[in-house]
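Chains as they are written, first to last, in the working numbering: chain A, 1 to 84; chain B, 1 to 111.
Mixed in with the good hints, there may be bad ones.
[To be verified] The calculated label-pair distances, taken between Cβ atoms and stated as ranges, are:
#  : chain 1 : residue 1 : chain 2 : residue 2 : range
1  : B       : M14       : A       : S10       : 36 to 46 Å
2  : B       : A17       : A       : M1        : 46 to 56 Å
3  : A       : A16       : B       : E5        : 19 to 29 Å
4  : B       : M65       : A       : K17       : 26 to 36 Å
5  : B       : S100      : A       : A16       : 11 to 21 Å
6  : B       : S13       : A       : D83       : 18 to 28 Å
7  : B       : E62       : A       : G53       : 16 to 26 Å
8  : B       : E31       : A       : R77       : 32 to 42 Å
9  : A       : N3        : B       : M65       : 33 to 43 Å
10 : A       : P73       : B       : F74       : 25 to 35 Å
11 : A       : K50       : B       : E38       : 28 to 38 Å
12 : B       : S107      : A       : E81       : 19 to 29 Å
13 : B       : M58       : A       : S31       : 40 to 50 Å
[What the hints assert, rightly or not] Some chain A residues judged to face chain B by a derived CB distance under 10 Å, without partners named:
#  : residue
14 : I27
15 : F29
16 : V56
17 : P59
These aren't lab readings, by the way, just hints derived from the structure by calculation.
Beta carbons: idealized from backbone N, C-alpha and C, even for Gly.
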Amino acid sequence: MKNVELYALSTCPWCAKTKKYLSENNIEFESTDYDLADKEEQIKITEDMKSSGSNVAFPYLKIDEEVVVGWDPAKYRELLEIDG
Amino acid sequence: MDRVEERKKALRSMFQAVIDPLGYKFSPDEEIVDFLLEREVALEDKHGIPYCPCQGIMGNREDDMKIVCPCIPFHRKHFDAMKRCWCGLYVHKDVTDPDSLRQIPESEIEQ
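Excised from the complex, chain A in its bound form (with noise of 0.2 Å):
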């Protein structure tokens, strides 16, 4: 089974798609909202983000090595390995 979480932000709309998304497909799935989160958290996330040379956009999803930046349900059906 993949490792996947997902770094969101309450606010936006395409994080919500790929929560709905994920969920509706049955992927078990971490997710962290970036604005709801502590400082130190917030700290964490941007320097994840940034090793991995990405701007702080959201959605941010990580499926195991792979990281997907932004609404892209064609990239999370091919790394996610999802029928249809």
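We have chain A; now place chain B onto it with these hints.
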């Protein structure tokens, strides 16, 4: 009209004057425009500034000024490549189908 609706209307006309000369318009997707403007009013209430609802506030002026809506001028190459801004509030003037526009990571554009 309640305060939030009034503020959304004010932001809309203020932003229109900025994005028009940049070659952008509000997305034809009225639902997402309304949703995003509402989030921006809430962000303005909380932080005093209508930040982009889809980019992270870092707590320092240098980074955060680049995500004050409309943030197009700070991301011109990236957004022009997508024909939309990151959160999708604005699209290029010739766009009729915003759903067809992919959110392309900035790192993909730089290469």
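Right, here's what the structure says about each hint:
1. M14/B - S10/A: 36 to 46 Å: 25 Å, violated
2. A17/B - M1/A: 46 to 56 Å: 51 Å, holds
3. A16/A - E5/B: 19 to 29 Å: 22 Å, holds
4. M65/B - K17/A: 26 to 36 Å: 28 Å, holds
5. S100/B - A16/A: 11 to 21 Å: Holds: the Cβ-Cβ distance is about 20 Å, inside 11 to 21 Å.
6. S13/B - D83/A: 18 to 28 Å: 47 Å Cβ-Cβ, so the 18 to 28 Å window is violated.
7. E62/B - G53/A: 16 to 26 Å: Holds: the Cβ-Cβ distance is about 19 Å, inside 16 to 26 Å.
8. E31/B - R77/A: 32 to 42 Å: Violated - the Cβ-Cβ distance for E31/B and R77/A, about 24 Å, lies outside 32 to 42 Å.
9. N3/A - M65/B: 33 to 43 Å: 35 Å, holds
10. P73/A - F74/B: 25 to 35 Å: 27 Å, holds
11. K50/A - E38/B: 28 to 38 Å: Holds, at about 30 Å.
12. S107/B - E81/A: 19 to 29 Å: Holds - the Cβ-Cβ distance for S107/B and E81/A, about 24 Å, lies within 19 to 29 Å.
13. M58/B - S31/A: 40 to 50 Å: Taking Cβ atoms as reference, M58/B and S31/A lie about 20 Å apart, which means the hint is violated.
14. I27: 19 Å, violated
15. F29: 19 Å, violated
16. V56: 4 Å, holds
17. P59: 8 Å, holds
The earlier numbered hints that this structure contradicts are 1, 6, 8, 13, 14 and 15.
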